[in-house]
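Got chain A sorted already, so can you dock chain B onto it with the hints?
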Amino acid sequence: GDSVTQMEGPVTLSEEAFLTINCTYTATGYPSLFWYVQYPGEGLQLLLKATKADDKGSNKGFEATYRKETTSFHLEKGSVQVSDSAVYFCALSDKNYGQNFVFGPGTRLSVLP
Amino acid sequence: SAVISQKPSRDICQRGTSLTIQCQVDSQVTMMFWYRQQPGQSLTLIATANQGSEATYESGFVIDKFPISRPNLTFSTLTVSNMSPEDSSIYLCSVGKLSTDTQYFGPGTRLTVL
Numbered sequence: 026g027d028s029v030t031q032m033e034g035p036v037t038l039s040e041e042a043f044l045t046i047n048c049t050y051t052a053t054g055y056p057s058l059f060w061y062v063q064y065p066g067e068g069l070q071l072l073l074k075a076t077k078a079d080d081k082g083s084n085k086g087f088e089a090t091y092r093k094e095t096t097s098f099h100l101e102k103g104s105v106q107v108s109d110s111a112v113y114f115c116a117l118s119d120k121n122y123g124q125n126f127v128f129g130p131g132t133r134l135s136v137l138p
Numbered sequence: 240s241a242v243i244s245q246k247p248s249r250d251i252c253q254r255g256t257s258l259t260i261q262c263q264v265d266s267q268v269t270m271m272f273w274y275r276q277q278p279g280q281s282l283t284l285i286a287t288a289n290q291g292s293e294a295t296y297e298s299g300f301v302i303d304k305f306p307i308s309r310p311n312l313t314f315s316t317l318t319v320s321n322m323s324p325e326d327s328s329i330y331l332c333s334v335g336k337l338s339t340d341t342q343y344f345g346p347g348t349r350l351t352v353l
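Chains A and B are the protein sequences, given in the same order. In this text, residue positions in the first sequence follow my numbering: the first is 26, and each later residue adds one. In this text, residue positions in the second sequence follow my numbering: the first is 240, and each later residue adds one.
Bear in mind the hints are in silico, worked out from the structure with no lab data behind them. A hint or two may mislead.
As a list, the in silico DSS-like pairs of lysine-lysine whose alpha-carbon atoms are at most 30 Å apart [as the list claims (entries may be wrong)]:
#1 Lys85(A) x Lys102(A)
#2 Lys336(B) x Lys77(A)
#3 Lys336(B) x Lys81(A)
#4 Lys93(A) x Lys336(B)
#5 Lys336(B) x Lys304(B)
#6 Lys336(B) x Lys246(B)
#7 Lys102(A) x Lys81(A)
#8 Lys336(B) x Lys85(A)
Bound-form chain A, shown alone (with noise of 0.2 Å):
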């Protein structure tokens, strides 16, 4: 079946480092990416998207690419703000089964002023 891995955390980054936070995924179809972030204490908010191979998602700063050939969503963002401190999850819908989502481990990420 479909599934997603990102890396291992806990992330500790100084504030104003760049991040990479990697994501890769199994899938049958041809599937959306996802990349949603939960603050401390709340639920899940959705971050970006991509829904088709080189689509390029941003939001705050934050970016990924969907990259079919190494099927691949990495997370990236150029300085990071100790605002940014949260568990990031990446996942995938498998539009052939509609909303059918699959959701990554998590990867928690800790910025120090």
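The following block gives chain B in isolation, referenced to the frame of chain A:
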């Protein structure tokens, strides 16, 4: 997107009791889902709440333990029955529309069972 609210936001319950969680959306949506997030873990889908019919449960989840109602296109409830400490989790409601493949999440209900 959609604005989703959940009640209660958190609760502490005794073993053997039941808790009903409400999910309210500010607009009509096609799909409503219930997830469980155990401490430090990712999300696990419990069931899809179907309007006007029985919910569709994922493997490992049963209606007797997690009865779900969805009386209309903007509201659903999840009951956690006969609770044990292992049920301590965050329970999340999410919604989607057939016209889009994105799900939007509520703020979650943090449940602790003693």
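Hint check:
Distance restraint check for lysine 85(A) and lysine 102(A): the Cα-Cα separation of roughly 9 Å lies within the 30 Å cut-off, and the hinted pair is therefore satisfied. At most 30 Å may separate the alpha-carbon atoms for a hinted pair to count; lysine 336(B) and lysine 77(A) meet this at roughly 19 Å. Using a Cα cut-off of 30 Å, the hinted pair lysine 336(B) and lysine 81(A) holds, with the two alpha carbons roughly 23 Å apart. A threshold of 30 Å between alpha carbons decides the hint, and for lysine 93(A) with lysine 336(B) the separation of about 25 Å falls inside it, so the pair holds.
With a CA separation close to 27 Å, the supplied pair lysine 336(B) and lysine 304(B) stays within the 30 Å bound. Restraint check for lysine 336(B) and lysine 246(B): satisfied, since their Cα atoms lie roughly 22 Å apart, inside the 30 Å limit. Between the alpha carbons of lysine 102(A) and lysine 81(A) the distance comes to roughly 13 Å, so the proposed pair stays at or under 30 Å and holds. Our distance criterion of 30 Å between C-alpha atoms is met by lysine 336(B) and lysine 85(A), whose separation comes to about 25 Å.
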